[in-house]
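**Student:** Protein chains in written order, with this note's numbering: chain G, 1 to 388; chain B, 1 to 388; chain Y, 1 to 388.
In case anyone wonders, no lab produced these hints; they're calculated from the structure. Please read these numbers as outputs of a predicted model, since none were measured by experiment. There could be a bad hint or two in this list.
These stretches of chain B come out as covered by chain Y in the derived footprint (C-beta under 8 Å, 3 or more residues) [to be verified]:
hint	segment
1	44-53
2	206-214
3	293-306
We put the beta carbon where it would ideally sit given N, CA and C, even for glycine.
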Amino acid sequence: ANVAPTHADPGGVFTFKARGVLDVDYVHFAERAGAYDYNDGTGFRRARLGFEGTAFKDWAWRLEVDFAGNVVAVQDAYLQYNGFKPLTITLGQHKAPFGLESNNSDNFNSFLERGMFTNAFGTAGAERRIGVSVAYLKEKFTFTAGLFGDNESIGRSTGAALTAAPDESYGANARVTWEPVLDTGRIIHVGASGFWRAGLKSGDTDDGLRLSDRPNIRVDNGNIIDTGVIPNVENLYYLGVEGTAVFGPLSVTGEYGHLEIDRFAGFRDFSSDGFYVYGSWFVTGETRPFRNGNFDRIRPLNNFSNTGGTGAIELLLRYDQLDVGDTPVAARAGNDAHSYTAGANWYLTPNFKLQFNYIRFAGSNTPLDPVGAKTKGDAVATRLHIDW
Amino acid sequence: ANVAPTHADPGGVFTFKARGVLDVDYVHFAERAGAYDYNDGTGFRRARLGFEGTAFKDWAWRLEVDFAGNVVAVQDAYLQYNGFKPLTITLGQHKAPFGLESNNSDNFNSFLERGMFTNAFGTAGAERRIGVSVAYLKEKFTFTAGLFGDNESIGRSTGAALTAAPDESYGANARVTWEPVLDTGRIIHVGASGFWRAGLKSGDTDDGLRLSDRPNIRVDNGNIIDTGVIPNVENLYYLGVEGTAVFGPLSVTGEYGHLEIDRFAGFRDFSSDGFYVYGSWFVTGETRPFRNGNFDRIRPLNNFSNTGGTGAIELLLRYDQLDVGDTPVAARAGNDAHSYTAGANWYLTPNFKLQFNYIRFAGSNTPLDPVGAKTKGDAVATRLHIDW
Amino acid sequence: ANVAPTHADPGGVFTFKARGVLDVDYVHFAERAGAYDYNDGTGFRRARLGFEGTAFKDWAWRLEVDFAGNVVAVQDAYLQYNGFKPLTITLGQHKAPFGLESNNSDNFNSFLERGMFTNAFGTAGAERRIGVSVAYLKEKFTFTAGLFGDNESIGRSTGAALTAAPDESYGANARVTWEPVLDTGRIIHVGASGFWRAGLKSGDTDDGLRLSDRPNIRVDNGNIIDTGVIPNVENLYYLGVEGTAVFGPLSVTGEYGHLEIDRFAGFRDFSSDGFYVYGSWFVTGETRPFRNGNFDRIRPLNNFSNTGGTGAIELLLRYDQLDVGDTPVAARAGNDAHSYTAGANWYLTPNFKLQFNYIRFAGSNTPLDPVGAKTKGDAVATRLHIDW
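Chain G with its partners taken away, still in its complex shape (with noise of 0.2 Å):
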């Protein structure tokens, strides 16, 4: 039994599932130094509805779309080959192998955003691309490498001369992941990613990038990190860990990353560096279960209902940082910011919670403020997350 059901043919030979998520936020800030004015507010995180399936057996299909803030964004699009176990080829939009928050689904996903690098340097050179991967998937070991151009957010030209307009841009993707230890309620696991992407763009400027995030919310669209848009970039490589202990009900996760901004002859080269690492403890006694190199789905002990089920309560602290200081664009140079985040989780049922994050955020000179200033603020934040 699940929230939406799987079709199968009888000869199980092929399967259908409809597919959907919705998050629904309320944000209010209080700004602690600053002139900046964050807006207090509700709105859409998430609203996806889609399909999947698979075929002949050895094919798996997907195509789901988000609507979020009344915008269209196509998510998970491909198709997926099984047949050379334990290979798996995938062709179409999809995650690009990149650490462990991203590859991870959000609908598993502790907090109510990422950490910050996760976003920075995803949008650049990660997150869903339209391209092809391999992944060699063993019950404690994966390996996943892949060609990607870019996602349908970033592909086209908008208004500019067709002579202006530059190509997408391409680049390679990998990541491994192992788990010496994978029982229930004892895993250990570690990763690392890279990625080299050529070709940039941003918006219609030919070789450039921007590598931007907001504190660790979303209703309110202001960025607390923002290089500018770097201009004459040749090349980024990225290198980034990840690792994660659980031990019964707790568990640590951490990640780290850098990134090399790597400029035509002449222009100086840059880099940046971020981490985040966070502690979770199952007040009511589930432990967080792992698959194929990510955190899956929490199934509550007992359900909340009015015959006395409480669902599952998760208590969170993270620590995040990212620092874009030495960006070349001299009105964001010095820029950093870091968060402490409070959460809760409290898991109704398997496909329902409620999420609330305290988020207590500082910077130097963000966008938000005037050239050399300080921004701090606080962030009390709810989610509702439904997903099937």
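Start from chain G and add chains B and Y according to the hints.
**Tutor:** Quick look at chains B and Y alone, frame taken from chain G:
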């Protein structure tokens, strides 16, 4: 048997169903007074796809998105808990309590468009919004109250500098309904609604409010009612009453609404009033059903078919009026509008109908014509309606 | 067994099915003459989700929406009555009668893009539009005629003052098809189409018309054919013929279209002609099926699999041409274009295929280059196609 099947697991604890609505309109306008020129043509009024379900018996959820006009508009997007009967708790985007035509499913409304005051006041403080509500539902009595922010269409800032864009508005809504008589073919229904709203904004104008509507038809976007953007609004207070009486194939329905616009000290307050009343006659003998304080689906006694079934035929007559003439925006002072509508609905089957509305509308000092002019016209409008 | 299951109630009176299409493209351009610079890259050509069903035996309905390019485009959205066999009445947005490649499902067309005249003339007066049609369908003969307005993409005014925006266009379309021979592996098909259209507009230009298309590939939006906006157009008259012959694994298909642009008194009329012809060979021995005057789905004799199935392989060769050189817009006078396409389709299964097109295109006085210049180039294009 139904147009869209409901999938239920053997235990009946989970159900899942696809949803959708299609409304295809054609309208021809005949201008009778004024220099305006409405456009004839076709258009989608609704084109919606979504899913809904129940889970673990007491939970219900829905996500539906509209694509009419080739624009995304997330509709219902909520999670509901029904474990504390007769209470229902709803969290997410859903219709705020407000009046009969607004809280009724648009699939079951009688005319192409609702009364003008329902649209103008509902957009200001009701319709679908992100929030939480609690409903007390008995067979002949309902009381629903909730707290709401904005909806996805009006929540985000657009291009304004971070310091200039206002927070979302917030408010509370309630509706009570009572059916002293509730038998098949004999119904008396009365109800009342109220809301309060503060922290208003109109676009990126803080404390701004704009009330507007079109003359009971939407293929052309020209408003016949428009207060302009009223600045310095502190609070909105709404009170409305509603009633309907069903006697076999006949029914009479009406609503009256009063909106108080409370402005900051030193600025003139003002108020607006609107109402509609209509009669309905099912020539083919059907009678309108009612459920939880709202009209329910019409099921023809004989579906239309090539073997002599005629479907159900409903004839309608309505008077509709809205006066915003007291608006403090000088150019719009004196703006009011009214319309007479003769309607015919041909229910081919419970889920397919053809609708015809002949609308004679008139307004004073409308935004369609130069200040001070009279606007008059006729619209011949048709609609194909499908829902599942 | 199929990729998406059809749900039928026990009596067979209702059916319900999810629908969808995914087309993911990659294209690389090589410019051979001219100063233009097409962009290489990836993109979605189609990303569609929808539902369809039958109800009460004689009714059929469909709603499908496209999200390619992260833009909403409502596709089929209609109700159909089949109770008066062999007549089918369709109301709502559907394909206006017009030619083989246009009326054929794009899922079953042979090349990545249809012939240029089909796109340019079809956008002007056919493709999906809101209207009503009646089809007379016999096994070897079809006749379809209908009245149509605009479609959702071109129907609404954008920002123009109410008095300036034009009404929608309107017109009538018809197509007749006949298969004197219709056996498996042996088909002769001929057909003819015509339309008339008046009340034209191009954007908000009343009585305006613009014919345009890209060189058989769409990742880059640059047109190789473009009449410019022709003012003072009173009527369009189209006449086209089509034919195909299938001999086992071989087939030959072609269409020719002629469009008369009739302008108001005092303005020069003009006309435009286009055609394409192509041959197809199934190396793996399949033969193209036909149904209701259109090509039907290819089912490989052996699906691709890890146990030796190869799928179906089709080789293709096409010549395509469109001449709009007689356009009264001076800057565009002399604009024509033609292309040679070598294609290969690899049908992995009935619903999954990979497509490869090598396109050599050339044009005179195209909008891509300075007035009077020659434009030449090659495109290597691939597509992943999934439909269900």
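**Student:** For each hint, tell me whether it holds in the structure or not.
**Tutor:** We went through each hint and held it up to the structure:
1. 44-53: This one holds; 3 residues, not fewer than the three required, reach chain Y with a Cβ under 8 Å.
2. 206-214: With 0 residues closer than 8 Å to chain Y, the segment 206-214 of chain B misses the three-residue bar; violated.
3. 293-306: holds (count 3)
Checked against the numbered hints above, the structure breaks only hint 2 and satisfies the rest.
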